[in-house]
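Hey, can you work out the whole structure from these sequences and the hints?
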Amino acid sequence: MIKATGLTKTIGHKSILQNIDLNIPAGQFVTVFGPNGAGKSTLLKILALISKPTKGQVIIDGMNSNEKPEAIRQKIGVISHQTFLNDNLTARENLNFYGQMYKVPDLKNRVFDVLSEVGLEFTLNDPVRTFSRGMQQRLSIARAILHDPELLFLDEPYTGLDPHAIQILNGVLGQLNVKKRTVFLITHNFEEGFAMSDRVLFVVRGKIVYDGKKAAVNKDELKSLYLQKVEGAA
Amino acid sequence: MDMLKGIRAIVRKDLTAELRTKELLSSMAIFAVLTIIVFVFAFDPTKAIVRQVFPGMVWVCFIFAGILGLNRSFVSEKQNDCITGLMLCPVDRSVIYFSKMTVNLIYMGIVEIVSLPLFTVLFNYQIPVKAISPLVLIIFLGTLGFAAVGTFLAALSSNARSSEILLPVILFPVMVPVILGAVQATAAILAGSPAVEWFSWLKILTAFDAIFLVVPLVLFEYILEV
Chain A
1 MIKATGLTKT IGHKSILQNI DLNIPAGQFV TVFGPNGAGK STLLKILALI
51 SKPTKGQVII DGMNSNEKPE AIRQKIGVIS HQTFLNDNLT ARENLNFYGQ
101 MYKVPDLKNR VFDVLSEVGL EFTLNDPVRT FSRGMQQRLS IARAILHDPE
151 LLFLDEPYTG LDPHAIQILN GVLGQLNVKK RTVFLITHNF EEGFAMSDRV
201 LFVVRGKIVY DGKKAAVNKD ELKSLYLQKV EGAA
Chain B
1 MDMLKGIRAI VRKDLTAELR TKELLSSMAI FAVLTIIVFV FAFDPTKAIV
51 RQVFPGMVWV CFIFAGILGL NRSFVSEKQN DCITGLMLCP VDRSVIYFSK
101 MTVNLIYMGI VEIVSLPLFT VLFNYQIPVK AISPLVLIIF LGTLGFAAVG
151 TFLAALSSNA RSSEILLPVI LFPVMVPVIL GAVQATAAIL AGSPAVEWFS
201 WLKILTAFDA IFLVVPLVLF EYILEV
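So the protein sequences, as listed, match chains A and B. Under this note's numbering, the first residue of the first sequence is numbered 1, with each subsequent residue one higher. Under this note's numbering, the first residue of the second sequence is numbered 1, with each subsequent residue one higher.
Just so you know, these hints were derived from the structure itself, not from any lab. Beta carbons: idealized from backbone N, C-alpha and C, even for Gly. This list has only true hints and no planted wrong ones.
Now the in silico label distances, taken between C-beta atoms and shown as ranges: (1) G62(A) to I113(B): 48 to 54 Å; (2) K22(B) to K213(A): 52 to 58 Å; (3) D113(A) to S133(B): 48 to 54 Å; (4) V218(B) to N36(A): 34 to 40 Å; (5) N170(A) to L34(B): 50 to 56 Å.
What follows is the structure, encoded as structure tokens:
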């Protein structure tokens, strides 16, 4: 599903990512751990076609990101700690807007379905500015899955979520797992990140320093391995 | 076709949000009205000199009110990182540019519709009937050029810390051909000069508009990356 080769990103003289190669098959749930400033979010931005690499290329579903960016974006959904929602519009208006941009068929019903999925069907016509942080994040989840993406990127989605919202997010991720969607999750939360993943990556100082199957280690071993890798790179 | 649908969706979203808050349009309109009032106090409407400076006053009002709109066009998308949401959409990045430019054009058009009649009333300035069509054409081309360059540079400056100061500083040198062309053509039309006198300015405005409607198709993606 994702094939990245030689990904390098430099900003000024600062090297953010160094020659990263990554191959993620379709349907795999990959969780990325790493300290702050390691380059995880930059890697996600490049894979999600938000940003361009200084060197290297990204191929998603057989399509080169430089040649068919629009076709690739149609297959991608992103959940971040930012919601990408306009505060002055209602939940319905925000989702209608994104639905039109992604050419979602039967949009009216689809909007209601995804809002029901995140438990916000009764707030359809309320402005987003009246929503709590947790409700906004749930609406952001609805926005990201509105066009039923084959590939979902999540950048620290648990930030600021209440337990109810975490439960909803995990429910959505569980459904994506059942549907064999590809998921790329960045998190500092070992509990949530480890529970659903098939594969774990550690990114430290712009490099992938660990890439292993979840089955190979248990959570405690993974934690101590993470600390070793981070301290080893320091 | 997809491009037009994308532009329409973003324009509708921006206008819906603006109609709900009226933050931008009200500040642009109030600024334009205050500028006209200041000009009325500064220049005696009964003096003949006013006829000569009238086109300049009109464009000063349009352009400074327009800058208020330009400044907000991308800064407003910073809230909740909506600009990333737009960049993720499966459309060419130039769709974002053309929709923002269209929104700026609409805002400026509304301000012009309000302020031009107010100018003529307060300055007791009668626009000849035969001058109305060419005047509308020149105002449209001037506003289009302003919105085209301004939207492009607003995207560039939106990531800067003092974007509201930076935008006018980088905008005005680039805008000189539009301002010059628009003011000179407006003056010639209002003076009842034959078309041949303002036609060359019309050509300059048209060429400038065409260039700045094409350049973003190529460069806007890189501007968003800055």
